[in-house]
Amino acid sequence: PVGSELTQPSPEEVVQQHGVQEKVFAAYLHAAIQGEQAVKSLPWAILSVVLLALVILSHDATDDIQSLQASVDHDIFHGARFAFNGNFGKKNYQDVNSNADFWSWMNLGFM
676 PVGSELTQPS PEEVVQQHGV QEKVFAAYLH AAIQGEQAVK SLPWAILSVV LLALVILSHD
736 ATDDIQSLQA SVDHDIFHGA RFAFNGNFGK KNYQDVNSNA DFWSWMNLGF M
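So the sequence shown is numbered by the numbering used here: it starts at 676 and just counts up by one.
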């Protein structure tokens, strides 16, 4: 028909009239197969991550390690004092400003 030169045919019309090149079809199939394999491997990947997390949690005892670290931090901050006035230490490790303060804290507070 006259005037239909500017209209673009739909992809379905092109396939019906001219077919599909073999390399295009093969590339499409290859991509589809790779996508399917990726989806099929996803449950195994998730299972591996979950098993790794369970093994780490069961062998590492992270809650015990965290509580030990918290108790050491608490003891150093609240218990390791120096610059005593009677029975009470006035300074903690954050008040160490000189070499003399450091060694006083090491001898009286930390040890």
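If you're looking for bench data, these hints aren't it; they were derived computationally from the structure. Be aware that a few hints might be false.
Claimed, not checked - Between beta-carbon pairs, the in silico distance windows are:
| # | residue 1 | residue 2 | range |
| --- | --- | --- | --- |
| 1 | Gly-754 | Gln-712 | 55 to 65 Å |
| 2 | Asp-750 | Gln-709 | 51 to 61 Å |
| 3 | His-734 | Val-714 | 30 to 40 Å |
| 4 | Leu-783 | Asp-738 | 31 to 41 Å |
| 5 | Lys-715 | Leu-743 | 36 to 46 Å |
For every residue, glycine included, the Cβ atom is placed at its ideal position computed from N, Cα and C.
Hint check:
1. Gly-754 x Gln-712: 55 to 65 Å: 59 Å, holds
2. Asp-750 x Gln-709: 51 to 61 Å: For Asp-750 and Gln-709 the Cβ distance comes to about 57 Å; the hint holds.
3. His-734 x Val-714: 30 to 40 Å: Distance hint for His-734, Val-714 holds at roughly 32 Å.
4. Leu-783 x Asp-738: 31 to 41 Å: Holds, at about 33 Å.
5. Lys-715 x Leu-743: 36 to 46 Å: 44 Å, holds
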